[in-house]
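*Asks:* One letter stands for each residue in the lines below.
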Amino acid sequence: MRIVIVNVQEPFGYGGAEILAEDLRDALIDAGHPTEIVAIPWTGHPADRLLANILAFRLMDLTESRGVGIDRLIGLKFPAYLIPHRNKVVWLIHQHRAAYELWNDEYGLSRLPGGAQAREAVRRADLRAFGEARRVLTISRNVSARLERTLGCGSLAVYPPPRNAAKFYCESDERYFFFPSRSAPLKRQRLVVTAMALTRQPVRVVFTGDGAGSGGYGAELRGLADELGLGERCEWLEWVPESELLRWYAHCRAVVFPPLDEDYGFITLEAMLASKPVLTCRDSGATLEFVAHGETGLAVEPNKESVALGMDELWADPDRARRWGQAGRRRIDDLAIGWPKVVQELLA
Amino acid sequence: MSKALKVHIATAQTPFRRNPTDALAADLRDALRRAGHRAETVQIPYGAHSSKRALDHLLALRLLALDESPDDVLIALEYPTYLIRHPRKVLWLARGASQPDGLPGAGERTMDAPSAAVRQEVEGRACREARAVYSISAALAHRWRKLTGLEALPLYPPPWPSGCADSGTPDDYVLAPLGGDGSARVELLLKALARARRPVVVRFLGDPGDAELRRTLARQAETLGLGGRWQWSDRGPEEAATYARCRAVLAAPYEETNPETALLAMQAGKALIVGRDSGALAELVVHRRTGWVVAAKPKALARAMDKAWSREDKSRVLGQAARASYLAMNLDWEKVLELLLA
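One line per chain: the protein sequences are P and G, in this order.
Counted the way my numbering counts, the first sequence spans residues 1450 to 1797.
Counted the way my numbering counts, the second sequence spans residues 9 to 350.
One or more hints might be untrue.
Unchecked claim - Just a sample of chain P residues kept apart from chain G, beta carbon distances all over 12 Å, derived:
#1 R1507
#2 R1515
#3 S1755
#4 D1761
Claimed, not checked - Computed Cβ-Cβ distance ranges for the label pairs, DEER-style:
#5 P216/G / L1576/P: 18 to 26 Å
#6 E342/G / N1553/P: 44 to 52 Å
#7 E1691/P / L347/G: 36 to 44 Å
#8 E1581/P / G217/G: 45 to 53 Å
#9 E1581/P / R153/G: 26 to 34 Å
#10 G1678/P / K11/G: 33 to 41 Å
#11 G1603/P / L67/G: 52 to 60 Å
#12 R96/G / L1635/P: 26 to 34 Å
#13 N1613/P / P216/G: 40 to 48 Å
Said to hold, decoys possible - Selected chain G positions facing chain P (Cβ under 10 Å, derived; list incomplete):
#14 D75
#15 I92
#16 R211
#17 S241
#18 G244
No lab work stands behind these hints: they were computed from the structure.
Even for Gly, the Cβ is constructed at its ideal location relative to N, Cα and C.
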């Protein structure tokens, strides 16, 4: 079967979606199917441009390539999955969130002229695209729940494996928490920094992500940490190579990851693979599909007081943190998340 | 440096087919980054379609938007990427060879007249939106003018690898670099080799993944009784040395639009044997001054190879003149960027 994975390429962006597309491509090739990624450049704003882009993607043709048929199209994100194909499967990473759960957020379409019209156009386009798909799969039950809630569309959650899962390991606790996410408001590093000012324990947190550098949200976070007098309790890393990332996971006491309504959260699984407990929040979305409160980590209320209490609890009892981390590892092993299952579902 | 820009370099993507323009896009991206700009390559899906689908696809590309700020630049390297609207669009046409891919109408040979008229109008409009139109060779500019009626200014890309220079005593082979698109007229080169009077050996330089081409070569060489007079080298890290050690470079593709082989030969200080109809290669060679420009026939190519083989001193002189000519062109990325980002 000749397969095209269709994704969008947002300007100068490379992250989880791109990694997932690459790993999926490799898994399909390993399974004997010639596969390519078609990543179409796209910028989602302003709202009036959104309408033109929806039409553009509906007009594109990926049914064949120079006379050779493309047997299956796998769409991952909006608006890539809008491209018509007789054998389309959607493996949804997320819908256009600005039109749905982030409608009233500072990045939502409600803030833009023509936003309501754009939202309706997105909704109709999604309904058509999902309706014409052979199957609709998602990367998590959280994404499936959103799809059901917003469009009444049923789907099956099929978890993607983290890249290089076999490389994660666990070693001695070197007395820090690890927050290995790109710096972005939705990941809520700010919540953790403000919580650190309230902890009773001498909690240390190592933050990573490209926003930890100069400018933007990263600079704002560092300024806030200085203002709160956190000093060396916060460590800010720029981009780190994989070997170092693995090491940071291996030696942390726990992973802190409290995003807002996360689509999936590879970080949660990576923490579990490294046998580390996870501190997350009760509104963190798909992290809660993996973190069992009081068994493999903590899921607390999304406010600085509760996060501070959670960090204190994990910091004060390293033995229990270790046991929870080991329990997390057993759980992720039991889930047996792997590419063969993903391939099987996508090609069914 | 002037203000840092955000640059998108666009090439076409036909799934499951290699696009040679991607290599130039990568070189351009790296040059932009070295100059302090943010740059990335983007690929626009493209395949041959029926009339209706071709127009749908054309409209789709006209509706795409890549710009986010006044500092954004789009450098479109081939069809259909220059259809994208952009306030700061520059064309640096790179595709050609003997196939029409990369220029308007490629593959859509069966388009009905009304559709073709619409396409032509839209393509013309899209091109006129550009701040400037360049091409990687005069041959490509000529083809562009024939197809569109529009002008393009030749702007040669600095070849890779750089610093490639004559290594001294040449080895015993004439180098024949091959493109991956079947335009090299390999059979012609083999027939020419068979007619050479001197014990010329030709080393073909090709894509390591192209097993089919190697089989074709072997079959044809056997038919012509060439025995050990042909060799194969893979393109790769040793390519510069392969150029540096040859006696001369042989290339006779039909209406080539990519000047890379000629520029690499000149950079390496090697005389180039080319066909008169070899487009961008012939435009860079001065007959009997920097190489030989001959009829693209086995006999004429064979005579040129004999001269290159038997007159090492003459070959060397022509090669040195070729290198001087290359240096006088003063190709460097700084100048290219200055024009593209003006």
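*Asks:* State for each hint whether it applies.
*Replies:* These are the hints, each one checked on the structure:
Not every CB of chain G lies more than 12 Å from the CB of R1507/P, the least distance being 8 Å, so the non-interface label is violated. Residue-level check failed: R1515/P sits 5 Å from the nearest beta carbon of chain G, not beyond 12 Å. With a minimum CB-CB distance of about 38 Å to chain G, S1755/P clears the 12 Å threshold, and the non-interface call stands. For D1761/P, the requirement that its beta carbon stay farther than 12 Å from each beta carbon of chain G is met, with the minimum near 42 Å.
The beta-carbon spacing between P216/G and L1576/P, approximately 48 Å, falls outside the hinted interval of 18 to 26 Å. Distance hint check for E342/G and N1553/P: the Cβ-Cβ separation is about 49 Å, which falls inside the suggested range of 44 to 52 Å. For E1691/P and L347/G, the hinted distance range of 36 to 44 Å is satisfied, since their beta carbons lie about 39 Å from each other. Checking the proposed 45 to 53 Å range against E1581/P and G217/G shows it is violated: the Cβ atoms sit about 37 Å from each other.
Taking the beta carbon of each, E1581/P and R153/G are about 44 Å apart, not inside 26 to 34 Å as hinted. At roughly 38 Å, the beta carbons of G1678/P and K11/G sit within the given window of 33 to 41 Å. Between G1603/P and L67/G, the C-beta spacing of about 33 Å breaks the proposed range 52 to 60 Å. Between R96/G and L1635/P the CB atoms are about 31 Å apart, so this pair conforms to the stated range of 26 to 34 Å.
A hinted range of 40 to 48 Å is violated for the C-beta pair N1613/P and P216/G, which are about 28 Å apart. Annotation: interface hint on D75/G holds; nearest CB of chain P at approximately 8 Å, less than 10 Å. For the restraint placing I92/G at the interface with chain P, the shortest Cβ-Cβ distance is roughly 9 Å, inside the 10 Å limit, so the hint holds. Among the interface hints, the one on R211/G is violated; its C-beta lies about 32 Å from the nearest C-beta in chain P, farther than the 10 Å criterion.
At its closest, the beta carbon of S241/G sits 28 Å from a beta carbon of chain P; the interface hint therefore is violated under the 10 Å criterion. This hint is violated: G244/G has a C-beta 23 Å from the nearest C-beta of chain P, more than the 10 Å allowed.
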